[in-house]
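2 protein chains.
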Amino acid sequence: MPESTLYPHVSVDCVIFGFTGEKLNILLISRSGINEEECYNDMKLPGSVIYENEDLDDAAYRVLHELTGIKNIYLQQFHSFGSPERTKNPQDIVWLENAIHMKIGRIVTIGYVALIKIGQKLQNFSDKYEAHWCDINNIGQLAFDHNIIVEKALDYVRLKLEDDPIGLYELLPKRFTEAELRNLHEIIFGTKVDIRNFHKKFLSLHYVVPLDEKQENVAHRAARYYRFDKIIYNQIHR
Amino acid sequence: MPESTLYPHVSVDCVIFGFTGEKLNILLISRSGINEEECYNDMKLPGSVIYENEDLDDAAYRVLHELTGIKNIYLQQFHSFGSPERTKNPQDIVWLENAIHMKIGRIVTIGYVALIKIGQKLQNFSDKYEAHWCDINNIGQLAFDHNIIVEKALDYVRLKLEDDPIGLYELLPKRFTEAELRNLHEIIFGTKVDIRNFHKKFLSLHYVVPLDEKQENVAHRAARYYRFDKIIYNQIHR
Numbered sequence: 007m008p009e010s011t012l013y014p015h016v017s018v019d020c021v022i023f024g025f026t027g028e029k030l031n032i033l034l035i036s037r038s039g040i041n042e043e044e045c046y047n048d049m050k051l052p053g054s055v056i057y058e059n060e061d062l063d064d065a066a067y068r069v070l071h072e073l074t075g076i077k078n079i080y081l082q083q084f085h086s087f088g089s090p091e092r093t094k095n096p097q098d099i100v101w102l103e104n105a106i107h108m109k110i111g112r113i114v115t116i117g118y119v120a121l122i123k124i125g126q127k128l129q130n131f132s133d134k135y136e137a138h139w140c141d142i143n144n145i146g147q148l149a150f151d152h153n154i155i156v157e158k159a160l161d162y163v164r165l166k167l168e169d170d171p172i173g174l175y176e177l178l179p180k181r182f183t184e185a186e187l188r189n190l191h192e193i194i195f196g197t198k199v200d201i202r203n204f205h206k207k208f209l210s211l212h213y214v215v216p217l218d219e220k221q222e223n224v225a226h227r228a229a230r231y232y233r234f235d236k237i238i239y240n241q242i243h244r
Numbered sequence: 007m008p009e010s011t012l013y014p015h016v017s018v019d020c021v022i023f024g025f026t027g028e029k030l031n032i033l034l035i036s037r038s039g040i041n042e043e044e045c046y047n048d049m050k051l052p053g054s055v056i057y058e059n060e061d062l063d064d065a066a067y068r069v070l071h072e073l074t075g076i077k078n079i080y081l082q083q084f085h086s087f088g089s090p091e092r093t094k095n096p097q098d099i100v101w102l103e104n105a106i107h108m109k110i111g112r113i114v115t116i117g118y119v120a121l122i123k124i125g126q127k128l129q130n131f132s133d134k135y136e137a138h139w140c141d142i143n144n145i146g147q148l149a150f151d152h153n154i155i156v157e158k159a160l161d162y163v164r165l166k167l168e169d170d171p172i173g174l175y176e177l178l179p180k181r182f183t184e185a186e187l188r189n190l191h192e193i194i195f196g197t198k199v200d201i202r203n204f205h206k207k208f209l210s211l212h213y214v215v216p217l218d219e220k221q222e223n224v225a226h227r228a229a230r231y232y233r234f235d236k237i238i239y240n241q242i243h244r
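One line per chain: the protein sequences are B and U, in this order.
Numbered by my numbering, the letters in the first sequence go through residues 7 to 244 in order.
Numbered by my numbering, the letters in the second sequence go through residues 7 to 244 in order.
Next comes chain B alone, as it looks inside the complex:
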């Protein structure tokens, strides 16, 4: 291993949100190792130390692409995290030094948010990672300060989508029902929505276009599918 230095390393970490139709998930990576002769197995955000001559956005896109195979993803830098306390758990340091084959003093990480459609072939991840979609309400204790990063990412997404709801349609499948959009609203903004008021608002969204297709093989009454029209949306919002 190269000699230890006091200089901080720099990484990117990606909080990748996906929506199942019922729950908001994030994509996490299984991590296992041995610390003080005890085996452990926990989860972390997908991330990487930045490469020499690599810009921050490029590093985040690289992580996403390596993991998902997808290139065209909604991705935003949202906050950087640099507390020396980030690496206070010796288990994290040991894991990191094994992963990047370098001695690490501390590591500053640049946080990115991605919004993607879970459906889109996104159940087959690169063999390089053991990746899982996890319900945002049930992620347990993550490595490093990744719980703090997820909290802050969620705050960012809420503010961002209040201002410009286009991100909601990055999360929804290409064709979606009114109930799915309503669920997503309730989860993102953390408030119960009145069904009738929501329906009125839904009908007034000119960029949500009804399709000539309905749900199939459902126990309840089959709901109509809609699609998001980006051109109409941009005419209204830009």
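Keep in mind that the hints were calculated from the coordinates and are not lab data.
It cannot be assumed that every hint is accurate.
One copy or two, either will do: identical chains are not told apart, so a pair holds if it fits within one copy or between any two.
[Stated by the list, open to error] Here are the computed lysine-lysine pairs in the DSS-like style, where the Cα-Cα straight-line distance is at most 27 Å:
hint	residue 1	residue 2
1	Lys77	Lys198
2	Lys206	Lys180
3	Lys207	Lys236
Let chain B serve as the given structure and place chain U on it in line with the hints.
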């Protein structure tokens, strides 16, 4: 000098906005040196490499405090900049290596925005720095990628103040006139404001409280002073 490494260094840079009543200024530091036997003199943002065991926010507060002597300042992290191109100018590398007595490969910087009242004893800066208030429209070519950082900071402030105008009152003096608030609006949002419409809106701002004081020694009709009431503001906005 310690040996060169390929690991990036991490710094903070502060875009400190102040308002003269007529113009939006930022606080810049004079930098001079010799590059290829030519003397140069230019300007940069106040900033610093982060210290060992120092969190990012702490580093930004330290820079502000060292420079201005003020501790209680509106300060927000807004974006990080890590392009390898940031340090493509050899003059910047030479200056930086002299300043921090280390060999530098590249440097990732975390950008902060501060909003302060210029009046507030803020003409006497620490002797350690040669600091100047400069009109945002006339800053010329700054060191490193600092012009890009300033642009991005201004975009951030615009969006932030559209959402929550409290920052406008961080920039205004403790007592201010309607014309000063209107000027600031025009500069921040980059649009000409209709005086009569603005006046109506101004009168409806319950948190802008008239004082029993008027301008003195002015050529035109003396305007009334107002103050910002944070308690009323918080009742409305939180």
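Now for the hints, and whether the structure bears them out:
In this homomeric assembly, Lys77 and Lys198 never come within 27 Å of each other (Cα to Cα): the closest approach is 35 Å inside a single copy and 41 Å across copies. In this assembly of identical chains, Lys206 and Lys180 lie within 27 Å of each other by CA distance solely inside one copy; the values are 22 Å within and 46 Å between copies. Taking the closest pair of Cα atoms, Lys207 and Lys236 come within 27 Å of each other only inside a single copy of the chain (18 Å); across copies the shortest separation is 34 Å, beyond that limit.
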